[in-house]
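Student: Model the full assembly from the supplied sequences, consistent with the hints where possible.
If you want this note's numbering, it's the 1-based position in the sequence shown plus 87.
Calculated directly from the structure, the hints in this document are not laboratory data.
Don't take each hint at face value.
[Claimed, not checked] Keeping only pairs whose Cα atoms sit at most 20 Å apart, straight-line, the calculated DMTMM-like set for lysine to aspartate or glutamate is:
(1) Lys167 with Glu237
(2) Lys167 with Glu236
(3) Lys167 with Glu226
The structure presented is a predicted model; accordingly, all values stated were derived computationally and were not measured.
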Amino acid sequence: MVSRKARVEFAILVLLLAVGLGLRLTPVAFLSLPIAVHLVGGYALAAWDRRPRLAAHRTLSQARVWEGEEVEITVAVENKGSRVEVVAVADPLPPGLELVDGTTEQIRELATGEALTLRYTARVRRGLYPLPVVRIAAEDRLGYATWEEELPCPAELVVLPRFEVLSGIAIAPRRTLPQSGTARSRRGGTGLEFFGTREYRPGDEIRRIHWPASARLDELVVAEFEEERAADVAVVLDVRARAYHGQPDLLDHAARAAAGLCQAFLSQGHRVGLLVYGAYLDWVFPGYGRRHGERLLHKLARATIGSSEVFAELAHLPTRLLRPGSQIVLVSPLLPGDAEDLGVLIARGYRALVLVVDPTTLAEPSCGTGPEVELARRILALERGAMIGQAFAAGARPLVWDVRYPLAPQAVAAWRRAR
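Tutor: Okay, structure coming up:
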């Protein structure tokens, strides 16, 4: 690539020749001779030096971190060829990474076998960050030729959503699994909640005899408790652009809530699946265990706001992916019309729990004050209250989350009131 210096010298050479020959000023024309010699010699030297041979390598202090943490990134560029007088290395940060310490750019001379190292610390937000290349710019000895390229040094940084530990979540889907869990199955058996009584049968344990009822009926009666079993739970994260009104921070809150719910249901022994719904369908089949929980967190780290005409309404939720009679947990700011779509799902036999991520609470600090702002806030609150009331009337269990405060205490209080 021709450098700016070479272009300037060539322009001066042409100008001197034009003036000297046009005005027949021999001394002026002769002034262009040393510039021409300099240009020819410089390009000959640049061709002899050839292209620099550089290689890059990137290392991360951690490849998997939680959002809000800091990660140290090191990029080493090694010269495997001849000496390079000027090397500029730049490693621009992608959106979502904030530089805390160090520098992402450096310019220096690089001898044969020598390495240039960039070392910096960045604070990260939730997301998946591929870091494939580093930008290199080099010049020859006289600055006539420049080389610009992107050296491959691939690395991937996964930033998982930081979630709260949620407890006391009670679900009661219509269908349960044979495994033990915490979902109320509405069947008598082994459990903690009293379910009813029945006559004594040979083989029943003596400790299960309900003595007060036996004395009153003058026959042996056995107490039954409601069986607690595992269930299929589908956590649906709404990423529709219309629901977030250009508020990417609100999606971060929704992803944290979805992560907390997934981990809570897994800890209770349920089989948990995840559906990212909006611009596309991103489905993780239900599963158990810690490794499955990691897969769910990785999927939530990748979630981004998007839009699609196909998935603009909850009516297009792919119920074929969901087990009939299972539990659906929707994490969404809610849109007009969503309550009716939830009612259709409930009529088909699903149970629905809706965690409403309230967008008005996130926008309040930046809205300012005044009668117009207060009126707009009241209108939005009334509209959202009406949507939540419609969802409740349709048979869903709504929980409104004020994102200015932690989710766990609000969730516990809401579930206690629901009981």
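Student: Does each hint hold? Answer for all of them.
Tutor: Comparing the hints with the structure gives:
| no. | hint | result |
| --- | --- | --- |
| 1 | Lys167 with Glu237 | 16 Å, holds |
| 2 | Lys167 with Glu236 | 16 Å, holds |
| 3 | Lys167 with Glu226 | 16 Å, holds |
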